[in-house]
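Numbered according to our numbering, the sequence shown spans residues 365 to 457.
Okay, the calculated beta carbon distance ranges per label pair:
1. E415 to L377: 18 to 28 Å
2. G399 to G372: 35 to 45 Å
3. L424 to F456: 25 to 35 Å
4. G373 to P430: 38 to 48 Å
5. D428 to V376: 33 to 43 Å
6. L377 to T398: 28 to 38 Å
7. V431 to V455: 31 to 41 Å
8. G404 to G372: 35 to 45 Å
9. T398 to P422: 11 to 21 Å
The set of hints was computed from the structure by calculation and includes no laboratory data.
Here a beta-carbon is modelled for each residue, glycine too, at the ideal position from N, C-alpha and C.
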Amino acid sequence: MAAKKGSGGIAVLFQGAGFLFAAVLVMHLLFILTGFAGDGKFVGSVAQAAEPLALFFPGLLSVDFPVLQVLLDYGLAACFWVLVGGLLGRVFG
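Please model the complete structure; the sequences and the hints are all you need to start from.
Pasting the structure below:
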């Protein structure tokens with residue numbers, strides 16, 4: 365089966381963007397869970413970038429345990445971005 369020329373780059377771009385968005389969300393999730401949410405510029409930048417990337421997932425499911433709530437809010441959003449990046453990579457790849 366012959367590979368298409370020129371279409372692999374856009375697929376990698378979509379997959380990379382999905383992975384990058386998910387990585388930002390996972391970093392934010394880890395910063396919250398470990399209590400590393402200090403006054404640092406890096407932590408603040410990650411938090412600022414993670415809020416819009418979480419889309420509608422924060423508060424979508426409500427549980428009584430704060431740790432599980434954070435995992436659901438940002439974990440589901442990270443999974444969403446990985447899936448969307450993979451699907452777009454498949455479509456355009």
